[in-house]
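So the protein lines, in turn, are chains A and B. Counting in our numbering, the first sequence runs from 27 upward without gaps. Counting in our numbering, the second sequence runs from 4 upward without gaps.
Hints listed in this document are in silico derivations from the structure and should not be mistaken for laboratory results. None of these values were measured; they are calculated from a predicted model. No residue lacks a Cβ here, since even glycine has one placed at the ideal position from N, Cα and C. Some hints could be false.
As the list claims (entries may be wrong) - Label-pair distances were calculated between CB atoms; the ranges are:
{"no.": "1", "chain 1": "A", "residue 1": "Thr207", "chain 2": "B", "residue 2": "Asp612", "range": "41 to 47 Å"}
{"no.": "2", "chain 1": "A", "residue 1": "Val175", "chain 2": "B", "residue 2": "Ala467", "range": "51 to 57 Å"}
{"no.": "3", "chain 1": "A", "residue 1": "Lys186", "chain 2": "B", "residue 2": "Glu540", "range": "39 to 45 Å"}
{"no.": "4", "chain 1": "B", "residue 1": "Thr232", "chain 2": "A", "residue 2": "Met31", "range": "35 to 41 Å"}
{"no.": "5", "chain 1": "A", "residue 1": "Leu304", "chain 2": "B", "residue 2": "Arg512", "range": "45 to 51 Å"}
{"no.": "6", "chain 1": "B", "residue 1": "Pro62", "chain 2": "A", "residue 2": "Leu179", "range": "49 to 55 Å"}
{"no.": "7", "chain 1": "A", "residue 1": "Phe190", "chain 2": "B", "residue 2": "Arg593", "range": "58 to 64 Å"}
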Amino acid sequence: MSNFMLGVGFGLVTAAILALATVPLSLQMSVARIPNFAHGEILTAGAYAAYVVNEHVENIYLEALAAALAGGVVAFLMNVLLLQPFARRKPKLLILFVLTIAASLMIQNIILLFFTGNSLAYRLPASPPHKIGPFLLTGLNLFTIAAAVVIMLAVHVLLKYTKFGKAQRAVADSRELARVTGINSERVIRVTWLLDGLIAGFAGFLLGISSGTLTPTLGQGYLLVIFAAAILGGIGKPYGAMAGALIIGLAMEISALYIPASYKEVVAFALLIFTLLLRPNGVFASPRAAGAAGATA
Amino acid sequence: MSQYLIGLATTGVVMSIVALGLNVRWGWAGEFDIALFAFVAIGAYIYSVFTLPPNTLPPPSGYILGLRAPFLVGVVAAVAAAGLVSAALGAVALRKLRDDYFGITTLAFALILALVIGQYTPLFDGYEGLFGMPQPFEFVQPFGPDGGFYLGICIIALAVTYLILQRLYKSPFGRAVRSVREDDTASAAFGRNVYLLKLKAYILGGCVAGLGGALLAAYITAFNPYGWTPQETFLIYAALFIGGTGNAVGAVIGTFFVEVGVQEVTRYVPQIGNNASSSDAIRLVLIGLLITAVLWWRPQGILPEPRARDRTVPFDRARRFAALASAGRLAPRQPASLAPEPQQARAVPQAQPAPGPVRDPAPRSAPAPAAESGPRARLGVPTPERAAPQPAALAVTGLTKAFGGVKAVSNASLSVQAGSLTGLIGPNGAGKSTMINLISGFEAPDSGAIVFAGQSIAGESAHAISRLGLMRSFQTPREWPDLTVMENMLMATPVDGREAIWRGLFKARALRTAELTDRVRARELLDEVGLLHLKDEPAGHLSGGQKRLLEFARLAAASPRLVLLDEPQAGVNPVLRERLAELIRNMVSRGVTVLMVEHNLPFLESLCDHVIVMALGSCIATGSMSELRANKDVVDAYLGQVDVADV
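With the hints as constraints, model all of the structure from the sequences given.
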């Protein structure tokens, strides 16, 4: 039982990182509608930016800030320089997908060029585990969970109560209608990408802390787990994405108690495939609505 | 040739085979498959465990089989295994996934496979991988293990693969697969089983990738999970984009460029600092830039997809030969089987079948066109039934379809008499389009019955219904944009068996001959609608009105028994409107039953003697327009919304 609760504890940490990585992807995919294969590289960029700061000063807040800024810049530029010019030509969805693959190749290998393929590690303060209720969590674990909760609340407020959040939902619903009502959808999409990068870059930093070592494929290795959480929760549903992250995070860490830990990604990927096949609009959507969306002739 | 160059050439040739496999999946069928290299890996592993000696590694290492089988057996097993796994994955993933989700699913599959193979050592020795695979025909290799002999084998394999795939590409099978890439809804509407076509293309591509994997394993004589990351698949995509998606020669050029050219050039980039990966990194950044640049400036690649030209005998020559043939002048030797059949009533009176190739009027290759069934039956190529369509009746009872809480169609009943031209009207949201989708099988009804020509068709698949002779048009014409106008016409008639892969491979010539009739007929129909001069243009280049005309020509070529027209007037100018009215009347006079959704009531009244009114998902009245105008329910539900004076 206590082993199980330990698994739940690790699952919560994984879920917190995963939620921070998933919510921005889900938002972006509903507003800008691009299945972003380079999303993992935004995380990687954040993790490496934090590393650069970490080499000079050991301050977790500065590192987090650097990670978020780097992620934001990478995502913003990727949209402005690459995706938006193509999107104006109204290409097929898959062409945009391919472009994000090209972006992923470029970003990942630019990082490889500057930082080599060697594993790097942050200098982190010693963080002994504390017993909190049934869980065994380190200070960094608690920082991760707290940060996730705060940022998720901020996203909630942003979407629900600000003018920008409303504009974002309008663009997600129908770009044409949004334009008719005077919303500059390109601007909304630009800001969405920036926001996407800020949160994802920060998530990359947390991922770097939790995995202990940095390599240029850090984020890419995590990409499908993020997709699994986003699709499980339903693309464009931030709360669904949080729930999806929780389900995937717990499933991965709890499964590691029963099967070899190296298979825990298989669990996430298998959940992804089953979701896509059975409930492509997420587990929280009614299957009927899913059928209707796919069948408009 | 130096060993170095031989090595480069061998890599390029083997990877070209892999690229041809991806070209089938992505170039022909438009399947965004990210698992390609998993199938290369399956081919490589299966080849290895077939040809390696029995396992003697101490546990936990090890591998299965170890049959010491000869090279060719290993290759065949590799191809078969890759094909089988493709069938399994495709059967699940191709069912109804969005394009991008299909890609993600295949990527997840590839990663799961890599993890399992890496972790589970008794299968293929985990991350250590297999090594020491024998090179084929080692005893005859004159130039040592890296000699040109193996390069020769690979070139032969590439040539054979290329020839087989080119033959299939040009065959009716290839055309049908490309139509699915262009617009699978239209393919289903014209009787194609989209799922099966996609699956066949996926398996075919997997087999070719497996062949590449076997040759790769035999060449490098070692294989492990690090050799097939998703990145390898992306490099092949880059090769296709650069070389030209859908073009086999382009695929080979692109592969040599990406896998050999860029690789070799960046090898000479000096190492930056102590970064051992710097040249790799520069190479991949360069490839990312190249993909982007090609997609921006030349999305079709260096060599665009070849366009199928309609190269049959010129129009009047075809007719002349047809006339000669029916006069018996070209009658070949087999009198019994080639006896002319009575001419059937045709849509186009002059529609005479075409003769065989003009250059070679020998009996073998010039089957008397007037007697289609004889020689083609002999050649083993099916021909469509050329009987004039018999009009068929349609009866819908108690049909219901709900989307979430919205009942789009609710307990609706209607009937359409055989040979009639019936209108279907109703305010927006009345459920007309859903009704059309339900009847044509693009949506499955929740309950209710649909009977067409005496058969219950409710819930049948769209392609099956289309093959029964119940066809439909769409509100916006759905042409196959990158197929030529002529190919669009040829796709209109699904002929059982013609699109079989084996016929495409072994009966190519007979298929071409069999298709001559269709081509001549298609030309006549295109001439009738004034599109003949555009027959070799991609249909996507046509104007909106021309696309509408092409749609009617396709429907005529398909010889349906009943046609559902979904707002044929949408977005059409007044001149064309008259032309369309005439085409619809022609259709009916040929014996086709027509049910037409239309908002333009005067147009409808001028054509239809019988009109059905839908409102709120149900059919509320039927009758002539003048009767309906007197019906208070109808006026309330619908006509009240428009200016009655117009009606």
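Verification of the hints:
1. A:Thr207 x B:Asp612: 41 to 47 Å: With a Cβ separation near 46 Å, Thr207 (chain A) and Asp612 (chain B) satisfy 41 to 47 Å, so the hint holds.
2. A:Val175 x B:Ala467: 51 to 57 Å: 53 Å, holds
3. A:Lys186 x B:Glu540: 39 to 45 Å: 52 Å, violated
4. B:Thr232 x A:Met31: 35 to 41 Å: 36 Å, holds
5. A:Leu304 x B:Arg512: 45 to 51 Å: Given a distance of about 47 Å, which is inside 45 to 51 Å, the answer is holds.
6. B:Pro62 x A:Leu179: 49 to 55 Å: 53 Å, holds
7. A:Phe190 x B:Arg593: 58 to 64 Å: 60 Å, holds
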